[in-house]
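Work out the full structure: start from the sequences and follow the hints.
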Amino acid sequence: MKQFLIFIKKEFAHVIRDRKTLLILFGMPIVQILIFGFALTSEVKNAKIVIMDQANDISSEQIIAKIKASRYFEVEKTVMSHQQMENVLKQGDIRLAVVFPANFNNDLLHHNLAHIQVIADASDPNSATTLTSYIGAITQDYMTGILTTNNIPYRITPEIRFLYNPQLKGAPNYVPGVMALVLMLVCVMMTAVSIVKEKETGTMEILLVSPFSPFKIIVSKAVPYLILSLINVTSILLLSVFVLDMPINGNILLLFAESTLFIITCLTIGIFISVKTNSMQVAMLISLMGMMLPTILFSGFMFPIENMPLPLQVISNIIPAKWYYIIVKSIMIKGLGFSAIWKETLILVGITVFMLVISLKNFKIRLS
Amino acid sequence: MEAVIVKNLVKIYGKDKTAVDDVSFRINQGEIFGLIGPDGAGKTSIFRVLTTLLLPDGGSASVDGFDVVKDYKQIRSKVGYMPGKFSLYQDLSVEENLNFFATIFNTTVKENYHLIKNIYIQLEPFKSRKAGQLSGGMKQKLALCCALIHKPTVLFLDEPTTGVDPVSRKEFWEMLKQLKSQQITIVVSTPYMDEANMCDRIALIQSGKLLSIDSPKNIITSYPEQLYAVKANNMHVLLKVLRKYEQVMSSYAFGEFAHVSFKDPGFNPDQAITYLKDQGLSDIELKKTAVTIEDCFIKLL
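The listed protein sequences correspond, in order, to chains P and W. Read in order, the letters of the first sequence are residues 35 to 402 in my numbering. Read in order, the letters of the second sequence are residues 624 to 924 in my numbering.
Note that these hints are calculated values from the structure, not bench results. A portion of the hints provided could be inaccurate.
Restricting the straight-line Cα-Cα distance to at most 16 angstroms, the calculated cross-link-like pairs of lysine to aspartate or glutamate (EDC-like) are [to be verified]: (1) P:Lys44 x W:Glu718; (2) P:Lys36 x W:Glu719; (3) W:Lys867 x W:Asp901; (4) W:Lys753 x P:Asp52; (5) P:Lys44 x W:Asp714; (6) P:Lys231 x W:Asp714; (7) P:Lys43 x W:Glu718; (8) W:Lys832 x W:Asp662; (9) P:Lys54 x W:Asp714; (10) P:Lys79 x P:Asp127.
A few chain W residues that face chain P, going by a derived Cβ cut-off under 7 angstroms, partial list only [stated by the list, open to error]: (11) Asp644; (12) Thr674; (13) Leu676; (14) Lys708; (15) Ile727; (16) Leu746; (17) Pro748; (18) Ser751.
So the derived label-pair ranges between C-beta atoms look like this [said to hold, decoys possible]: (19) W:Gln805 x P:Pro245: 16 to 24 angstroms; (20) P:Met35 x W:Lys733: 12 to 20 angstroms; (21) P:Arg51 x W:Tyr636: 33 to 41 angstroms; (22) P:Met35 x W:Tyr875: 55 to 63 angstroms; (23) W:Thr776 x P:Arg53: 38 to 46 angstroms; (24) W:Gln801 x P:Leu322: 45 to 53 angstroms; (25) W:Tyr636 x P:Asn283: 53 to 61 angstroms; (26) W:Thr776 x P:Ile69: 54 to 62 angstroms.
The structure presented is a predicted model; accordingly, all values stated were derived computationally and were not measured. The C-beta atom is built at its ideal place from N, Cα and C for all residues, glycine as well.
Below you can see the structure in the form of structure tokens.
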């Protein structure tokens with residue numbers, strides 16, 4: 035036990051005395067959560083648009099006023115000709131153009147049918163779709179306004195409710211994703227690198243020629259990173275609650291318990307990498323390329339897994355981050371209990387046990 | 624009783640890189656045993672087999688009566704090992720390193736302080752300094768302390784003086800002499816031939832093969848010929864003409880001299896001086912010289 039404690043103390047000393055490690059360890063989660071939370075939201079705000087109003091009547095003016103009032107759009111200018119409109123769109127700054135034909139109000143009142151043309155820059159298809167749907171919503175809103183005054187008997191108004199995230203905030207999606215990503219990186223890379231470092235500097239040679247068994251070396255290497263990662267989980271949650279205004283709807287203890295499980299999963303992966311490699315660079319590359327990319331691609335937090343071809347969907351099942359992402363989303367956003375996530379938990383336990391067994395089988399009690 | 628027994632040891636890397644080729648030797652308890660040989664001779668491989676870090680590909684070895692393959696756990700808790708490369712934690716202080724290794728070996732610094740006292744006294748002023756910031760000699764002293772702190776029965780030192788200044792090297796060997804009086808068997812390797820004389824017995828090793836095992840004194844006295852040191856105005860020409868001279872048995876550069884031995888034991892060296900003068904050399908100096916371990920090593924190659 036005394037051996038354990040001094041080993042863990044030593045590991046902490048390594049981390050604390052190395053400024054760079056410390057910065058990566060605690061700076062990265064904070065930076066990532068802020069970057070993802072603020073910069074990388076899929077909401078489109080303040081999109082620059084132009085308006086070509088050939089009607090200049092009361093209806094078009096009212097709709098334009100509504101567009102101008104919306105926080106999604108910023109009306110850059112009004113143009114007069116199609117030629118002019120095409121030119122400004124080509125420049126790339128302008129995301130969308132709205133065209134009102136002449137006689138807009140007349141058509142609306144006499145034919146009960148009027149057209150507006152919405153031309154979007156679809157070089158970025160996602161934001162183009164989002165922006166056109168915003169325009170659609172604004173015109174819809176205007177129409178409902180007219181209709182209530184005209185009193186038409188039969189009307190179906192779909193009332194849409196967004197569950198769990200009524201304001202469609204970007205952050206709820208990113209926080210669980212960033213948690214999975216950060217824990218994956220910190221645990222896998224840090225453990226792998228810190229064990230391989232002992233191999234590279236030769237201290238592993240001395241440790242092996244000691245009564246402290248290799249298995250104990252591995253365990254006492256993992257414990258400090260488990261503790262440090264839990265600190266990271268706490269700081270991410272604090273940031274998301276107090277900076278990103280994202281409450282934790284579920285049981286916080288359950289969230290921590292599941293996070294601990296995921297951290298242990300990552301630690302076993304890190305241990306496996308360290309068993310298989312002999313240099314810090316290789317360990318770092320494998321952890322980064324082998325862990326970060328699949329985590330981003332297959333955890334479902336950036337790209338929906340349902341849209342992927344079947345083989346990729348199958349592959350995504352072996353990515354631990356996918357299951358953790360589902361668990362965190364369920365607890366944090368939906369506020370669900372353990373009964374809803376026992377399957378995912380079981381899968382994580384399975385991956386952990388599997389990684390542990392193959393690491394121990396491959397662990398060398400000697401050099402080479 | 625023998626502390627270390629090595630029988631027909633073979634170590635092969637990859638498919639056919641033989642690092643240790645059928646090596647056998649025995650080391651008595653309480654002696655300083657030196658493995659002397661150039662870089663790449665197989666010294667480190669032998670050390671790693673004996674410290675259970677590598678599996679032998681042939682033959683067997685035991686330390687303190689324990690087999691290096693079967694009983695590796697017992698060996699690991701009994702021996703002290705100092706690898707060739709400085710292998711302590713550079714970001715931990717002198718004191719922290721020592722405490723760490725003492726605890727890992729289930730002991731305390733206090734318990735065995737008497738063993739390291741003479742060495743540690745020199746380190747004491749720097750005890751809060753980080754190990755990475757120590758000088759080469761100091762690092763080796765600290766590594767020795769860490770290898771000694773659990774009172775090992777056998778101490779394996781792999782090239783402990785490589786890269787250390789001459790004064791520190793001398794000090795280091797003084798310390799080993801002191802440890803010998805504590806009944807610790809010391810197995811040490813070195814590429815420096817002059818350090819061989821400090822050992823009780825030495826094994827000369829080259830390309831994985833043992834050339835000779837004996838006390839340094841016996842190895843030197845068993846040198847069969849009288850050895851001469853020759854000097855002249857042009858070393859390069861001197862070596863060339865010596866090689867052509869039919870009376871010469873062996874000749875090679877040795878510092879500022881050339882070491883020469885002759886085939887005929889009753890050979891008159893004045894003849895050689897005459898020969899060298901005939902070859903156009905001047906300032907010729909020729910004298911009898913004492914045999915060193917290095918001469919023996921060259922002879923055995």
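Taking the hints in turn, this is what the structure says about them:
no.	hint	result
1	P:Lys44 x W:Glu718	12 angstroms, holds
2	P:Lys36 x W:Glu719	15 angstroms, holds
3	W:Lys867 x W:Asp901	13 angstroms, holds
4	W:Lys753 x P:Asp52	13 angstroms, holds
5	P:Lys44 x W:Asp714	10 angstroms, holds
6	P:Lys231 x W:Asp714	13 angstroms, holds
7	P:Lys43 x W:Glu718	14 angstroms, holds
8	W:Lys832 x W:Asp662	13 angstroms, holds
9	P:Lys54 x W:Asp714	13 angstroms, holds
10	P:Lys79 x P:Asp127	14 angstroms, holds
11	Asp644	19 angstroms, violated
12	Thr674	5 angstroms, holds
13	Leu676	5 angstroms, holds
14	Lys708	5 angstroms, holds
15	Ile727	5 angstroms, holds
16	Leu746	18 angstroms, violated
17	Pro748	21 angstroms, violated
18	Ser751	13 angstroms, violated
19	W:Gln805 x P:Pro245: 16 to 24 angstroms	21 angstroms, holds
20	P:Met35 x W:Lys733: 12 to 20 angstroms	19 angstroms, holds
21	P:Arg51 x W:Tyr636: 33 to 41 angstroms	36 angstroms, holds
22	P:Met35 x W:Tyr875: 55 to 63 angstroms	60 angstroms, holds
23	W:Thr776 x P:Arg53: 38 to 46 angstroms	42 angstroms, holds
24	W:Gln801 x P:Leu322: 45 to 53 angstroms	50 angstroms, holds
25	W:Tyr636 x P:Asn283: 53 to 61 angstroms	60 angstroms, holds
26	W:Thr776 x P:Ile69: 54 to 62 angstroms	58 angstroms, holds
Checked against the numbered hints listed earlier, the structure breaks hints 11, 16, 17 and 18; every other hint is satisfied.
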